[in-house]
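Put the two chains together into one complex; each comes in its own frame, and the hints tell you how they fit.
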Amino acid sequence: MATKKKREMIKLNNVAKYYHMGDVVVKALNGVDFKVFEGEFVAIMGPSGSGKSTAMNLVGSLDTPTHGKIYLDGNDISELSESDLAQIRGKKIGFIFQSFNLIPNLTAMENVKLPMMFQGIDNDEREERAEELLKLVELGDRVDHYPNQLSGGQMQRVAIARSLANDPEVVLADEPTGNLDTKTGDIVMEFLEKLNRQGKTIVMVTHEPELAKKHADVIYWLKDGELDKVTKGNKVLYRNGKKKKKK
Amino acid sequence: MNIDTVTLAFGNLRHRGLRSWLTLLGIFIGVTAVVSLISLGSGLKMAVSSQFGVSSTQVISVQAGGISGFGPPGTGVSDPLTTDDTEAIEKLSLVERAVSRNILSGRLEYNDRTIFGFATNVPDGKDREFVYEQVELEALEGRLLKDGDTGKVVLGYNFYTDSVGLGKEVVPGKRITIKDKKFDVIGIADKKGSFIFDNVVYMNNRDTEDLWDYGDEVDVIAVLVKDKDSIDRAKEDIEKLLRKRRDVKEGKEDFEVSTPESSLETVNSILSGVQAFIVIIAFISILVGALGIVNTMTTSVMERKKEIGIMKSIGARNEQIFFQFFVESGLLGLVGGLVGVLFGEMIGFLGVMGINSFIGSDMSPNINFVLILGALFGSFLIGAVAGIVPALRAANQNPVEALRS
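Protein chains in written order, with this note's numbering: chain L, 1 to 247; chain X, 1001 to 1405.
Just so you know, the hints here were simulated from the structure itself, not pulled from any lab data. Check before you lean on any hint, since a few could be wrong.
Claimed, not checked - As a list, the in silico DSSO-like pairs of lysine-lysine whose alpha-carbon atoms are at most 27 Å apart: (1) X:K1191 <-> X:K1168; (2) L:K91 <-> X:K1306; (3) X:K1305 <-> L:K27; (4) L:K235 <-> L:K213; (5) L:K194 <-> L:K35; (6) X:K1228 <-> X:K1126; (7) L:K27 <-> X:K1306; (8) X:K1305 <-> L:K91; (9) L:K35 <-> L:K91; (10) X:K1146 <-> X:K1179.
Please read all numbers here as calculations on a predicted model, not as lab measurements.
Isolated chain X (complex conformation) (with noise of 0.2 Å):
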């Protein structure tokens, strides 16, 4: 008897073949946007992370706050942070190693076309070292900055693949031109498959100093500590430091010191929100869909009014007739939420092998069965509950009056 009323409802709702598509739609792009989010899920996260350079553990940034323009991190503040900081920073017990970084915006001019690019110095000697091995950079071509190197600039990746907006790639050997003034290239970074590093001119301190004039100012301070285990500590003691120094109260600090930790905590709750987002969108594109059976399944109770008196009059009990359009309705759910599993499984995969290609990461995607189980029942519950109104409706129909419709 289920598998009957099933398989009559299943031809109703090909019967009506287009209204039908049209009803799961609400119910397709809810579950879509779910199942896709959550399937790509860890992924995200991690290539979000990737873009922010968190990598190092052992690794603090630290930046001035009070933000009074548009730039990359730690620039255009209304107090910034000195050389002397990074010396102070740098005599710390727990503190290996402050590097003081820049980074720079101006108008960069190669192939007649001039874009706005950034560029960030390059400390010499041990500094330098550890600056590569913090940000991994690694020479795709030609080679990497070296002591001493002045009128030299090692490019972006995407400088190379000409997604820079210049028109034409760059390889070593060219020549741009920076703030006027004309820098020879001598390498290509390898990819790092973050928009703030593929981007990016690298400089030695000089040029940027000469070009910049930026005096003794810091953008942010890069710090290492000794022990991975004691930056907790070490964070505590830059904070420290630095309100002494700036003369500012525990709580109203104008800087800001973060552990990878914490930018990877930063990461998560912007993602979450936009998480979160997504999940009201689906939520609401659920209930629209809901709507929207309620809707298809009254119009449908409506115009069937005929079929449920011959129904009646051929010995179907009110029971039987409720419970037609209840599987239906239901029905409408559980293929909308069936074709957005499918699509959100396939944004998920192909998001997934995007992330990959993008970062050079080895994910594989995230197939999760509770959650395709969760999203089909909860899909038919929807639909069916969208349905229990019209198949009363329906049951309740006076048999005489409907075969009269």
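Same shape as in the complex, but just chain L (with noise of 0.2 Å):
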């Protein structure tokens, strides 16, 4: 797999984001530094609470953190307005969910094409690549469907589908299998290993830890908002307790 790239995708320097809840402040994610180059197929792991979802939020541009700075391909995007944000996502970053996100009265087609009309493409060549990518995952005769016609599995594939119209750099997967059975989740996966293997870049949020160790090539462990430990197959890259001694 394309780990020996060195291009920066995403880089987290420090970052932390706290939410408050009245008088309480809870530390959602507390200095978090991590890296992801080009090509890599990432996984963020943890229980709930641990502050992956807060983390993917972050990294997809969707939510800016309290401190630290966020570069996406070099940029630092910690500050930016929620406009360019968008407009940074739109392009740059493809979003995959648990519970898929399709806009139900819309047909797979229509969702597919959805983010392709936020970036200004004319209908036509939309048109033209959403057909294309219901075909790469094995939709082409699903165009027409809603999404309440498609079992749970195509519904992610479309998904899937969708977070490549406006050819990202970048996939985020936020427990892409979780509402699936064991045999459609593979397929799920197997679509994902294919994208990552055409030289995208994949970061995906789960709780499974043979999911991640099965298709990750590097794993972020995260535990109560900090990172724990940073594994690579069987290789540990780093663990929390190290970098705390070193201070």
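And the structure:
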């Protein structure tokens, strides 16, 4: 797999995200660093409440950090406006969600076309590309189906097609198999692997260690909002305690 | 991009079917009211004018004021006009002829049924011709009354079509009972399209005097002027004369002298009042409609929070989300307006057809394209303005929170 490439697609530099719930400050993410290189398949692992969803939102430019810096393809996106962030994620990031998040009153084709519409791509081109993408996820015969006419696996494949609409450099998958049975989940993961082989950078959030170990090159393990360890295969690249000792 | 937004907005509205239709009801009713009102416009005025029997431009009508009861024009007043007044008016230099008219009410029986009806007296000689001319009276069946006809009546058109409540049509040759006295029906008057003229019983002077015994009292004096250009001066002369005869000061008159023009003005001012009322109702309904749109769009933003989150996550900028909801809201208004225009024009069309068949006129429905475009644009604008706040709310959703909902 293409882990040797050194172009930094995503870099989190001492990133923290705090939420205020009344008088209480919840530290969802507290001083996390990590890097994702171009073409890597990275998993963010952790139990619920570990901060992995927050990390995913920050990486996906859906949210901005309380402090710290986030770089996407070398550009600092930590303090951009909501509209600028939208523009960036529309172009550079494709999202795949656990609950598919398709728009129910749009057909598979229309759902796939939507991200391109927001980028101002003309309809003919959108149509052509959406068709191509749906064929890629083997749903060429389901273009006019509405989400409620599709199975879970099919919906997730539509979501994969949609995530690729603007040919993003990074695909973020948040528990992509969480709502699917094992067999369907495997098919979805195969598609993600295939994308990765084609050079796409994949960041997957999951709470299933087996899934992460099976597919990811590097796994970032989060615990209580902090980076617990980073592993690559059986090798531990980093452990939280060590860093603390160094300090 | 704009076309896409509109297509998407249409899809969303269609998706919410019934709610969308209910939301645009207010705008629909308002626009229907305004459009049908304006489409009917002149037709309505003409129809009402004809009810008042304003046909000749050379006739002035005079009646006493100070109404002390209910009844037709000039009746039930405290200080009625008299035949002496009629004679005095006829002597004025600008006046060709003055005729005393009485409008009388009483029990009318036929077919074992009793109704409360109205009769009017027809004078003899030249005055008769004048009355027939003024009212443009012609016989549909049988004949009109002549001098010397006693115990005979001519009935208004509605008696012939059984629309007065007698349970059976009345035709020439039958007998009806008025105030316990029997009369032969000798004719039916042609349709006038006026409630007053089509429901009335025409009787010769002698019969009405016998039955009602009104002496020299007069309800209405119909005055024919010599020259229609001097009608206003004639009116002033009559007013002057009656002020003197009735000993009242200018501005304190207890009588009314009206020219066809002033009658029309009265009609028009009544109609303008009716129109203003309908316009107020229309605006209230449009306002309620706009509030309905605000409500629906606000609910829609809350319900579609997740969808907004999804759209943001796949690259929709705030202004794109705003525009999406803004257009949707405007479309709600526009569709309401469109249906309203269609219904309004339809009501206008049917109304004009109805008036045509009722008074036998030949008006064509008034399709005003400026009005239609104005109504459509206005409806879109109302919808869009109503949607601004909800659309802003949609645009400013935090994507993370929206996705979590």
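Each hint tested on the structure:
A distance of roughly 18 Å separates the Cα atoms of K1191 (chain X) and K1168 (chain X); the hinted pair therefore holds under the 27 Å criterion. A threshold of 27 Å between alpha carbons decides the hint, and for K91 (chain L) with K1306 (chain X) the separation of about 21 Å falls inside it, so the pair holds. Annotation: proposed proximity of K1305 (chain X) to K27 (chain L) holds, straight-line Cα distance about 25 Å (limit 27 Å). Of the pairs offered as hints, the one joining K235 (chain L) and K213 (chain L) holds, with about 12 Å between alpha carbons and a cut-off of 27 Å not exceeded.
For the hint pairing K194 (chain L) with K35 (chain L), the CA-to-CA distance comes to about 22 Å; that is within 27 Å, so the pair holds. For the hint pairing K1228 (chain X) with K1126 (chain X), the CA-to-CA distance comes to about 20 Å; that is within 27 Å, so the pair holds. A threshold of 27 Å between alpha carbons decides the hint, and for K27 (chain L) with K1306 (chain X) the separation of about 25 Å falls inside it, so the pair holds. Distance hint between K1305 (chain X) and K91 (chain L) is fulfilled; the C-alpha atoms sit about 23 Å from each other, no more than 27 Å.
For the given pair, K35 (chain L) sits about 20 Å from K91 (chain L) by alpha-carbon distance, which is consistent with the 27 Å threshold. A distance of roughly 22 Å separates the Cα atoms of K1146 (chain X) and K1179 (chain X); the hinted pair therefore holds under the 27 Å criterion.
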